[in-house]
Amino acid sequence: MSSFSLSRRTLLAGLGGLALSGGLASSPARADAPDGLLTRAIPGTEERLPLIGMGSWITFNVGNDEALRRQRTEVLRAFFELGGGVVDSSPMYSSSPKVIGYALQRIEDSSRLFAATKVWTPLQAMGEEQMAESRENWGVERFDLMQVHNLLNWEGHLETLRAEKDAGRLRYIGITTSHGRRHAEMEEVMTGQPLDFAQFTYNILDREAEARLLPLAAEKGLGVIVNRPFQRKELIRKVQDKPLPEWAGEIDCANWPQFLLKFIVSHPAVTCAIPATTRVDHMVENMGAMTGRLPDAELRRRMIRYVEEL
Amino acid sequence: MLPYTPEVLYSFLAQYNAALWPWQALAAALALTAVVLALRGGAAGGRAISALLAAGWLWCGAVFHLQHFETINIFAQYFAPVFLLQALLLLWTGVLRGHLVFNLRPDILGGFAVVLILTAFILTPLLGWFGGYNIDGAAVVGLTPAPTLLFTLALLLIAEGRTPLHLLFLPLVAVGIGAAEAWLLRLPWEALPPLLGLLGLAAILAKNRRARQPAAS
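Those sequence lines, one after another, are chains A and B.
Residue numbering for the first sequence follows my numbering, beginning at 2 and increasing consecutively.
Residue numbering for the second sequence follows my numbering, beginning at 226 and increasing consecutively.
No lab work stands behind these hints, which were simulated from the structure alone.
Please read these numbers as outputs of a predicted model, since none were measured by experiment.
Every residue, glycine too, gets a C-beta built ideally from N, C-alpha and C.
Hints are not guaranteed to be accurate.
Quick partial rundown of chain A residues pointing at chain B, CB under 7 Å, derived from the structure [stated by the list, open to error]:
(1) 62
(2) 66
(3) 94
(4) 112
(5) 190
(6) 193
(7) 194
(8) 308
(9) 311
Facing chain A, according to a computed beta carbon distance under 10 Å, are these residues of chain B, among others [said to hold, decoys possible]:
(10) 226
(11) 228
(12) 232
(13) 239
(14) 242
(15) 291
(16) 295
(17) 300
(18) 303
(19) 305
Pulled from the structure, derived: some chain B residues nowhere near chain A, Cβ distances all over 12 Å [unchecked claim]:
(20) 234
(21) 287
(22) 297
(23) 299
(24) 301
(25) 314
(26) 330
(27) 385
(28) 420
(29) 423
(30) 432
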């Protein structure tokens, strides 16, 4: 599939080298991203994605409440204005896909949108219909990325997704899990199936993915989307009343969300993280993680120690 | 983990109420009718009350869950069968077979039933407001699951003789759903209906046990 060939050994050597070189260099911005924003290439392609995307679990599920829909539109508008690209959702998120579609209709410039959703049904035969419904809800002609949600009937759905990709109706395909569940099965699918992306949970306290999934993604040339970067809100609650370390300035972090996000996206196998928020000011904080310096391997270890001791 | 926040839940309930108005008045009138019939007792009243209870569960399954709540909670499609099946069981047991006769008496069971009825009518609709949300999102008996559950348990508590166990299982499931929602959304005041529901179920089981024991000579 992909020609990207970052092996586990290369990855580990790279992380070590970063410690020597004093930090991960900021990737050059993609052509259509504002200058100075950190992006990373989808493995095996020239296409670059902004390091911070947007999730929509709970946050965009506001039903038919017009005031809340307008407010979420402002959140998404801020996301694009600040250089965002990847928006991730799922049919499981109830009204979130429709609210994203509502917002996209009202945002003047969403040209950077990288539309990512999922197929979530036990029946393979229902997959195509669900994807068509998702296109209608979002108001897009095709999705950039379609993922099998929580590995549900992945055998059947991957067959459908490959056919859709071959026919040009999808650009990339992938699988997802979250909360650290079913990593062994993720590993099996990532190893044995032709995929473009894998999505799973990784954050400064949930680092199980470092052992197998992240190195495997690098070895197989898969893009990695990281969900639950803040353990929903738990991580923020844990740290919000504590001071940022003075050395956070060395990696241009002005607040905790940036600190936590920079830890995630500084892992070289990560393509982007997808924090979710209901607030414009929180979106501004999150997107700030896409600028400035990223931590090197030594600083990453220091970040872990600091947060674990809080 | 639920896919919505408390803010979205109460906003949804307010929209639901706005969409249904003035059905709330009719639902309340029908529920009051059931209470009056229970005061009178009798087989015909039992069939009528059973039909009214079944209508409430049918509405909660077919209209509340499948037509409305699914907008913000995709799992509502799995809750709906619980309510639809309970409606069928009430119809079969109480209307078709006539096995339910209700009698509201001034005794301890009647007293607890009145507490459940008042909670369903008055307290449950105010819970969101107590929690700082708009009264527009008030839950109405017959149209919304929590007060419908409490109202049903109140009447099953005053059913003469033993209340059939097959009418208690799905209310227990509904108690679980309500408790899970209160817990996951961290809304302690919304724990009141499932807590009272659990007490109501326990009281019904205690009544059944007493009804099975032979009278002392």
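Here is what the structure says about each hint:
Annotation: interface hint on residue 62 of chain A holds; nearest CB of chain B at approximately 5 Å, less than 7 Å. With a least beta-carbon distance of about 4 Å to chain B, the hint placing residue 66 of chain A at the interface is held under the 7 Å criterion. Given the 7 Å rule on beta carbons, the hint for residue 94 of chain A holds: about 6 Å separates it from the nearest Cβ of chain B. A least Cβ separation of about 29 Å between residue 112 of chain A and chain B goes past the 7 Å threshold, and the interface hint is therefore violated.
The restraint placing residue 190 of chain A at the interface with chain B is violated, with a minimum CB-CB distance near 23 Å, outside the 7 Å limit. Hint status for residue 193 of chain A: violated, given a least beta-carbon distance of 30 Å to chain B, over 7 Å. Taking 7 Å as the C-beta contact cut-off toward chain B, the hint placing residue 194 of chain A at the interface is violated, the least distance being around 27 Å. Violation of the interface hint for residue 308 of chain A is found here, the shortest Cβ-Cβ separation to chain B being roughly 23 Å, above the 7 Å cut-off.
About 23 Å separates the beta-carbon of residue 311 of chain A from the nearest beta-carbon of chain B, more than 7 Å, and the hint is not met. Checking residue 226 of chain B against chain A by beta carbon gives a least distance of about 8 Å; that is within 10 Å, so the hint holds. Taken as an interface hint, residue 228 of chain B checks out: its beta carbon lies about 5 Å from the nearest beta carbon of chain A, inside 10 Å. Satisfaction of the interface hint for residue 232 of chain B is found here, the shortest Cβ-Cβ separation to chain A being roughly 8 Å, below the 10 Å cut-off.
Annotation: interface hint on residue 239 of chain B holds; nearest CB of chain A at approximately 9 Å, less than 10 Å. This hint is violated: residue 242 of chain B has a C-beta 13 Å from the nearest C-beta of chain A, more than the 10 Å allowed. For residue 291 of chain B, the shortest C-beta to C-beta distance to chain A is roughly 14 Å, which exceeds 10 Å, and the interface hint is violated. The beta carbon of residue 295 of chain B is positioned within 10 Å of a beta carbon in chain A (closest approach about 8 Å), and the interface hint is therefore held.
Because the smallest distance between the Cβ of residue 300 of chain B and any Cβ of chain A comes to about 9 Å, under 10 Å, the interface hint for this residue holds. Annotation: interface hint on residue 303 of chain B violated; nearest CB of chain A at approximately 12 Å, more than 10 Å. A least Cβ separation of about 15 Å between residue 305 of chain B and chain A goes past the 10 Å threshold, and the interface hint is therefore violated. Not every beta carbon of chain A lies more than 12 Å from that of residue 234 of chain B, the smallest distance being close to 9 Å; the non-interface claim is violated.
With a least CB separation of 19 Å from chain A, residue 287 of chain B remains clear of the 12 Å interface cut-off, as annotated. For residue 297 of chain B, the shortest C-beta to C-beta distance to chain A comes to about 4 Å, within the 12 Å cut-off, and the non-interface label is violated. With 12 Å as the threshold on Cβ separation, the claim that residue 299 of chain B sits away from chain A is violated: the shortest Cβ distance comes to roughly 5 Å. Distance to chain A contradicts residue 301 of chain B as a non-interface residue, since its nearest Cβ pair spans about 9 Å, not more than 12 Å.
Under the 12 Å C-beta cut-off, the non-interface status given to residue 314 of chain B relative to chain A holds; the minimum distance is some 28 Å. Every CB of chain A lies more than 12 Å from the CB of residue 330 of chain B, the least distance being 44 Å, so the non-interface label holds. With a cut of 12 Å on Cβ distances, residue 385 of chain B stays outside the contact zone with chain A, its closest approach being about 43 Å. With a least beta-carbon separation of about 26 Å from chain A, residue 420 of chain B lies farther than 12 Å from that chain, consistent with its non-interface assignment.
At roughly 28 Å, the least C-beta separation between residue 423 of chain B and chain A is larger than 12 Å, which holds for a residue marked as non-interface. Separation of residue 432 of chain B from chain A is adequate, the least Cβ-Cβ distance of about 40 Å exceeding the 12 Å criterion.
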